[in-house]
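Visitor: As given, the protein sequences belong to chains A and B, one line each in that order. Once you know that position 212 of the first sequence is 211 in numbering that gives the first Met the number 0, the rest is easy, because the numbers rise by one and skip nothing. Once you know that position 64 of the second sequence is 63 in numbering that gives the first Met the number 0, the rest is easy, because the numbers rise by one and skip nothing.
Quick caveat, the hints were computed from the structure, so don't treat them as lab data. Please note that a few of the clues may not be correct.
Stated by the list, open to error - In silico lysine to aspartate or glutamate, EDC-like type, Cα no more than 20 angstroms apart, as pairs:
#	chain 1	residue 1	chain 2	residue 2
1	B	K226	A	D183
2	A	K175	A	E192
3	A	K224	B	D112
4	A	K224	B	E263
5	A	K226	B	D3
6	A	K69	A	D27
7	A	K52	B	D112
8	A	K75	A	E30
9	A	K226	A	D200
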Amino acid sequence: MKTMVQALAATAFAFLIALFPASLKAADVPEAILIGATVSQSGHFSSEVGPFKQLMEAWADTVNKKGGIKLAKYGKSLPVKFVIYDDKSDQATAKKYYERLATVDKVHLMFGPYSSPLTFAASTASENHKIPFIAICANSPKIYERGFKWLVGVIDLGPRYTWRYWDMIKAAGSAKTVSFVVEDTLHPLGVFEGSQKLAKDAGLDVITSDIIPADTRDFTPVITKLKAQSPDIVYVSSNIPFAVNFMKQARELQLDAKEFHCIHHSGVFRDSLGEDAEYVVGQSYAVEGMKLGDTLLMEEVLGKSKISEPMYPWAPAYVAAFEIAQAALENAGTLENQAIMDALKGLKLETVLGTAEFHPTGYGTINTYPSQIQKGKYVVIWPRDIATGTHVYPRPAWK
Amino acid sequence: MSADAIQLLVGGVLLGGIYGLAAFGLSISFGVLNVLNLAHGEFLMLGSLASYSAFVLLGINPFVSALLAIPVFVLLGVAIYTLLLKPVSDKPPQQLLTASILVTLGLSLVIEDLTALFWVRPVTGIDYSLPAVQVGPVIVSSLRLLILLFICFLAMALQIGLKKTFTGKAIRAIVQSREGAKIVGIPISRVSALTFGLGVALAASAGVFYVTLFTVTPAMGLPLTVKYLCVVVLGGLGSLVGSVIGGLVLGVAEVLTAYYIGAEWSPCIAFALLVSILVVRPWGLFGQSA
Numbered sequence: 000m001k002t003m004v005q006a007l008a009a010t011a012f013a014f015l016i017a018l019f020p021a022s023l024k025a026a027d028v029p030e031a032i033l034i035g036a037t038v039s040q041s042g043h044f045s046s047e048v049g050p051f052k053q054l055m056e057a058w059a060d061t062v063n064k065k066g067g068i069k070l071a072k073y074g075k076s077l078p079v080k081f082v083i084y085d086d087k088s089d090q091a092t093a094k095k096y097y098e099r100l101a102t103v104d105k106v107h108l109m110f111g112p113y114s115s116p117l118t119f120a121a122s123t124a125s126e127n128h129k130i131p132f133i134a135i136c137a138n139s140p141k142i143y144e145r146g147f148k149w150l151v152g153v154i155d156l157g158p159r160y161t162w163r164y165w166d167m168i169k170a171a172g173s174a175k176t177v178s179f180v181v182e183d184t185l186h187p188l189g190v191f192e193g194s195q196k197l198a199k200d201a202g203l204d205v206i207t208s209d210i211i212p213a214d215t216r217d218f219t220p221v222i223t224k225l226k227a228q229s230p231d232i233v234y235v236s237s238n239i240p241f242a243v244n245f246m247k248q249a250r251e252l253q254l255d256a257k258e259f260h261c262i263h264h265s266g267v268f269r270d271s272l273g274e275d276a277e278y279v280v281g282q283s284y285a286v287e288g289m290k291l292g293d294t295l296l297m298e299e300v301l302g303k304s305k306i307s308e309p310m311y312p313w314a315p316a317y318v319a320a321f322e323i324a325q326a327a328l329e330n331a332g333t334l335e336n337q338a339i340m341d342a343l344k345g346l347k348l349e350t351v352l353g354t355a356e357f358h359p360t361g362y363g364t365i366n367t368y369p370s371q372i373q374k375g376k377y378v379v380i381w382p383r384d385i386a387t388g389t390h391v392y393p394r395p396a397w398k
Numbered sequence: 000m001s002a003d004a005i006q007l008l009v010g011g012v013l014l015g016g017i018y019g020l021a022a023f024g025l026s027i028s029f030g031v032l033n034v035l036n037l038a039h040g041e042f043l044m045l046g047s048l049a050s051y052s053a054f055v056l057l058g059i060n061p062f063v064s065a066l067l068a069i070p071v072f073v074l075l076g077v078a079i080y081t082l083l084l085k086p087v088s089d090k091p092p093q094q095l096l097t098a099s100i101l102v103t104l105g106l107s108l109v110i111e112d113l114t115a116l117f118w119v120r121p122v123t124g125i126d127y128s129l130p131a132v133q134v135g136p137v138i139v140s141s142l143r144l145l146i147l148l149f150i151c152f153l154a155m156a157l158q159i160g161l162k163k164t165f166t167g168k169a170i171r172a173i174v175q176s177r178e179g180a181k182i183v184g185i186p187i188s189r190v191s192a193l194t195f196g197l198g199v200a201l202a203a204s205a206g207v208f209y210v211t212l213f214t215v216t217p218a219m220g221l222p223l224t225v226k227y228l229c230v231v232v233l234g235g236l237g238s239l240v241g242s243v244i245g246g247l248v249l250g251v252a253e254v255l256t257a258y259y260i261g262a263e264w265s266p267c268i269a270f271a272l273l274v275s276i277l278v279v280r281p282w283g284l285f286g287q288s289a
């Protein structure tokens with residue numbers, strides 16, 4: 000009897016083994032490409048990226064309407080499906096949700112949250128669980144100094160954020176002195192540290208550098224100092240609210256520099272200052288009229304999600320991230336983590352913002368272009384082959 | 000005195016005017032009702048957004064908006080008091096204070112997140128300015144000067160209102176003795192709701208001016224409330240004149256600190272002043288000792 004039971008069990012086992020390859024094959028082909036991300040839909044970053052969930056979903060919709068992303072290993076295209084949480088602009092919450100994306104949702108790829116501090120926290124989950132992670136708007140060198148192997152970033156390092164501007168200033172040779180006004184937060188400080196060196200390399204004399212708390216509303220003290228020193232360039236390394244408040248008071252107190260450079264001078268900056276924003280130079284990823292890569296994709300995705308580039312100037316960096324993800328997935332031809340990561344590391348792609356490649360430590364090559372507000376429009380002024388207009392220097396004095 | 004020093008003093012006084020105006024409403028609700036309204040900064044932000052909308056969509060001047068905002072936000076304040084604070088208003092003073100902190104903190108978070116969700120502009124600011132006045136080498140911002148005059152006008156109007164009108168006398172009676180006021184027939188709930196509404200309206204009218212000078216974001220409320228709380232404690236709880244003077248002292252101290260010591264030390268001065276005042280004169284510059 001015992002022998003008979005053993006024989007039956009062995010037959011059943013053999014039967015199951017025979018069936019297994021077929022069922023494995025069916026289960027092996029995923030239904031969709033799962034991409035995980037968090038968006039700061041609440042908290043202090045919500046004012047900067049609140050509607051970006053729609054941006055991601057608009058891209059997924061665009062890709063899926065064309066049949067999805069072709070993955071050679073499965074012999075077909077798979078649709079893109081996002082799993083998105085609200086990180087509440089908080090590091091701990093972002094980290095928690097990226098852990099969840101890795102362990103519960105089991106995503107194949109992750110897009111990073113907004114800002115360097117959140118990305119710094121969130122990217123540990125991808126490293127621990129070996130899931131490819133594409134950082135988007137995060138350029139603090141600290142993120143890439145940890146030796147992480149599962150992380151790439153779309154944009155160049157913060158200290159190089161305005162290198163093209165200093166390149167232009169050096170080539171023009173007109174400006175001799177610069178004063179820095181810096182908001183005391185991670186990104187503006189990083190940009191300032193790099194720019195100070197780049198300014199010196201461009202032959203400029205750095206007169207002063209004032210690092211000012213982020214919630215400062217009144218700039219009377221620093222403007223009074225700057226009026227006495229009269230630098231050619233006043234370089235404001237800050238986020239938008241800080242820059243708007245500074246510029247309003249600079250005009251009110253008649254600080255007449257030959258050039259104001261505000262690293263972020265988006266549509267909100269322009270609308271809040273009106274005529275006072277004229278001739279202010281800043282940095283843009285993309286402006287109307289620039290011809291780089293698939294501008295149709297950008298128009299379609301931004302249009303669908305009802306996000307305007309001047310109001311959300313970092314939206315084009317997200318579109319570049321979408322292009323990078325798609326190309327890497329197609330090149331990998333599979334959803335195996337290592338293959339996707341290898342494809343990302345070896346990628347060289349002409350994106351909507353220029354050539355995208357990754358340094359061995361992970362940071363990217365995409366960077367901003369200096370642009371100047373002229374008659375209410377943004378004009379790229381350097382390099383010459385990309386420029387959509389001419390740099391006006393010195394700016395006309397305040398009326 | 001050098002031209003730079005005069006410019007700094009003028010800048011500090013004008014900045015103090017903005018602080019005073021913003022702290023005014025907080026002082027009223029704290030001083031009269033023993034309600035610490037942590038959503039004060041949110042009402043200031045809502046006033047700013049209302050002013051922005053009125054200016055951009057209808058072309059209404061911010062000074063007109065400041066007057067229009069008062070009745071609208073009084074009603075909003077009355078509604079909020081009736082719904083959220085009236086149920087806890089009969090608790091002993093310490094419990095009332097704690098309850099009001101919790102209730103208004105929750106309210107603050109709700110307003111902040113709803114605004115971030117529905118207000119499509121990430122950062123709001125309006126292109127509104129008036130020509131500055133130049134006196135020798137010193138430049139005076141006309142807009143800030145008008146704000147300072149507005150706060151002085153409001154302080155005087157409220158002082159007169161508190162002394163001459165029935166509602167004003169009722170408010171003072173509640174401050175002196177809540178039980179006594181109840182015994183003589185003062186409608187405590189109605190007057191309290193009106194007082195809270197007035198505090199909310201003053202925050203909103205400060206916000207109307209705020210957006211002409213500075214940018215506004217949905218998350219700005221709570222940090223502002225904390226700063227204006229320093230102004231209120233500095234000036235003396237419940238003292239309207241104290242709020243104005245506290246604002247001016249803080250404004251001048253911040254500007255001089257930023258210039259002579261360093262901008263990074265400027266935020267510390269508010270807390271340094273606060274601690275000094277609490278040690279030397281715990282009831283504030285113009286408050287009354289218990």
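Visitor: Does each hint hold? Answer for all of them.
Guide: Quick rundown of the hints versus the structure:
1. B/K226 with A/D183: OK: B/K226 and A/D183 at ~19 angstroms, within 20 angstroms.
2. A/K175 with A/E192: Holds: A/K175 and A/E192 sit about 19 angstroms apart, inside 20 angstroms.
3. A/K224 with B/D112: 39 angstroms, violated
4. A/K224 with B/E263: The hint holds at about 15 angstroms.
5. A/K226 with B/D3: Holds: A/K226 and B/D3 sit about 10 angstroms apart, inside 20 angstroms.
6. A/K69 with A/D27: Judged against 20 angstroms, a Cα distance of about 16 angstroms means the pair holds.
7. A/K52 with B/D112: 16 angstroms, holds
8. A/K75 with A/E30: 11 angstroms, holds
9. A/K226 with A/D200: Judged against 20 angstroms, a Cα distance of about 25 angstroms means the pair is violated.
Of the numbered hints listed earlier, those contradicted by the structure are 3 and 9.
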